[in-house]
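Protein chains in written order, with the numbering used here: chain A, 1 to 245; chain B, 1 to 332.
These aren't lab readings, by the way, just hints derived from the structure by calculation.
Backbone N, C-alpha and C fix where the C-beta goes; we use that ideal spot for every residue, glycine too.
Mixed in with the good hints there might be a few duds.
To be verified - Reference excerpt, derived from the structure (chain A facing chain B, CB under 8 Å, subset only):
(1) Met109
(2) Glu110
(3) Thr191
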Amino acid sequence: MYTGKIRQILLITDGCSNQGEDPIAIAALAKEQGITVNVIGVMEHDVIDEKGMTEIEGIALSGGGVSQIVYAKQLSQTVQMVTRKAMNQTIQGVVNRELQQILGRSQTMEDLPPEKRGEVMEVVDELGETVDLEVLILVDTSASMKHKLETVKEALLDLSLSLTARTGNNHFSVFVFPGKKNNVEKLLDWTPKLQSLTSIFSQLSTGGITPTGPALKAALSSFDQKRSLRSLLSDDDESYFEESV
Amino acid sequence: MMMNHTLKSQYKVIPGTVITGKWHTQKYTIVKELGFGANGVVYLAKHNESFAALKMSDNGLSITSEVNVLKSFAKVQGSASLGPSLLDVDDWQTSRGLISFYVMEYIQGPDLLSFLQQKGQAWMPVLFLQLLNDLDKLHNNGWVFGDLKPENLIVGGPPPKIRCIDVGGTTMQGRAIKEFTEFYDRGYWGLGSRRAESSYDLFAVAMIMINSAYPKRFNKTTGGITQLRGAIRERPELRPYEAVIVKALQGHYTSANQMRAELLNCLSDHPGKSRINANTFKTQKTAQGQKNPHPMTRRHYRKSKKKRGWMEFFTIAMVAAVLYSLYIFLKL
Numbered sequence: 001m002y003t004g005k006i007r008q009i010l011l012i013t014d015g016c017s018n019q020g021e022d023p024i025a026i027a028a029l030a031k032e033q034g035i036t037v038n039v040i041g042v043m044e045h046d047v048i049d050e051k052g053m054t055e056i057e058g059i060a061l062s063g064g065g066v067s068q069i070v071y072a073k074q075l076s077q078t079v080q081m082v083t084r085k086a087m088n089q090t091i092q093g094v095v096n097r098e099l100q101q102i103l104g105r106s107q108t109m110e111d112l113p114p115e116k117r118g119e120v121m122e123v124v125d126e127l128g129e130t131v132d133l134e135v136l137i138l139v140d141t142s143a144s145m146k147h148k149l150e151t152v153k154e155a156l157l158d159l160s161l162s163l164t165a166r167t168g169n170n171h172f173s174v175f176v177f178p179g180k181k182n183n184v185e186k187l188l189d190w191t192p193k194l195q196s197l198t199s200i201f202s203q204l205s206t207g208g209i210t211p212t213g214p215a216l217k218a219a220l221s222s223f224d225q226k227r228s229l230r231s232l233l234s235d236d237d238e239s240y241f242e243e244s245v
Numbered sequence: 001m002m003m004n005h006t007l008k009s010q011y012k013v014i015p016g017t018v019i020t021g022k023w024h025t026q027k028y029t030i031v032k033e034l035g036f037g038a039n040g041v042v043y044l045a046k047h048n049e050s051f052a053a054l055k056m057s058d059n060g061l062s063i064t065s066e067v068n069v070l071k072s073f074a075k076v077q078g079s080a081s082l083g084p085s086l087l088d089v090d091d092w093q094t095s096r097g098l099i100s101f102y103v104m105e106y107i108q109g110p111d112l113l114s115f116l117q118q119k120g121q122a123w124m125p126v127l128f129l130q131l132l133n134d135l136d137k138l139h140n141n142g143w144v145f146g147d148l149k150p151e152n153l154i155v156g157g158p159p160p161k162i163r164c165i166d167v168g169g170t171t172m173q174g175r176a177i178k179e180f181t182e183f184y185d186r187g188y189w190g191l192g193s194r195r196a197e198s199s200y201d202l203f204a205v206a207m208i209m210i211n212s213a214y215p216k217r218f219n220k221t222t223g224g225i226t227q228l229r230g231a232i233r234e235r236p237e238l239r240p241y242e243a244v245i246v247k248a249l250q251g252h253y254t255s256a257n258q259m260r261a262e263l264l265n266c267l268s269d270h271p272g273k274s275r276i277n278a279n280t281f282k283t284q285k286t287a288q289g290q291k292n293p294h295p296m297t298r299r300h301y302r303k304s305k306k307k308r309g310w311m312e313f314f315t316i317a318m319v320a321a322v323l324y325s326l327y328i329f330l331k332l
């Protein structure tokens, strides 16, 4: 079976960035490195303004991922659905490229008659179950997010419950922005267990600015560090899904 | 390659639209929308003068995945009731691109909770025995239904027969559950993992039984077995089944058949007790409802008929219960 790895950034925010680089550009950069960027916009009673909405969709679009705007109370279901859907999209991309190699033309799954798609789908399903997954969660802790953080924590624990039911390995890391001193702060280093979040999350303080771009950039470099650290520790050559959609 | 970037862009089709398949060139006329979910929209469609349900989604993957499940059900012998039978799979070329759809048997009837509200709680054990029977077949074939909830359970017939309609959550055993609804998910209540096991479905069955006494559901407070057991004890109509429900919630049943046998047991063990319960329930209602023996007072013009209907219905329920136990007895 394919032993690749799927790498995702999950950005949870409630509005528009107001400091630093353009997050849409950073998302495009992530995609070039084979990392998918998904965005969840959290609303309460208020509505996210047009500008925030456009940015959320833009980040996901250029990051090759999925975006969704939800009310805080639906967050748990959405977080796991978005992660799973993005994972399936990446796998489908890989499978489609394999198909093109086998069939020799610009064939994708949609070009196959429905009868033949079933078998391909079984491969996609199998991969979704067994592939290793790295999810970096990036949480907006600007002032307006303050009363939503408890819900975010619940949703992340729920995500971990869903993903650990799979056969494949999972690695999570959590960043918040803005941080105490810098634009972004690492809350949880790469770990297979998200449960340790419970204690850290309640001590979070919220800040005023929303430096989405710089935060995404820091998240990207965290993937790099992880990779180089791994290669130092062991010499098993890891293959990544290279996204070139 | 084109990919969907949002989950919300569901395709809406106006009634009267004729959908022609790209591969099999069959024509379907859309009559109305039956329902929609995360994975697409289901329409009532007319094909060669007969009705069928047509599910379409801009996510071709989920369509293919569901078709796989339905096909595998079709291979199981005597499994007519596991899910709707599959009639056609195809793509529809629209101005917005290719949309995958599949066509299945149209199962007509109220959903489980509406049925119980109309016909009375006495139907509850009957329908749950049927459901457990179907689930047992499903589990024996290596599947777990996953997203089991009243909205996905339709009571077809006559004679009334419970049917599962949405196979979007159906997962191979041992994998991670594909789709679920929080209230019926054991992970949400802190009572187990999201791995596809038969006990995952049985938890959902127990939650649906609780749901039948709490049509509006309730929110998680403390979660865990304490809150759920409290909820069961507050409703007299659930008391007779408390032992079975709690056991299923805690994942103590290894098969649907085992749960079914115990449910049947608690019906036959205390026939007097449960009848007394039913009677007191009825008299309370009568006192409140101006001598109307029927708890649902919406249809005033059928009052007298309803009274006879009730008696008839109780006799039938008893006969059905006796036949069922006989059937089980012979099977053993």
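Results for each hint:
1. Met109: Given a least distance of 7 Å, the restraint on methionine 109/A holds.
2. Glu110: Holds - the Cβ of glutamate 110/A comes within 8 Å of chain B, reaching about 6 Å at its closest.
3. Thr191: violated (19 Å)
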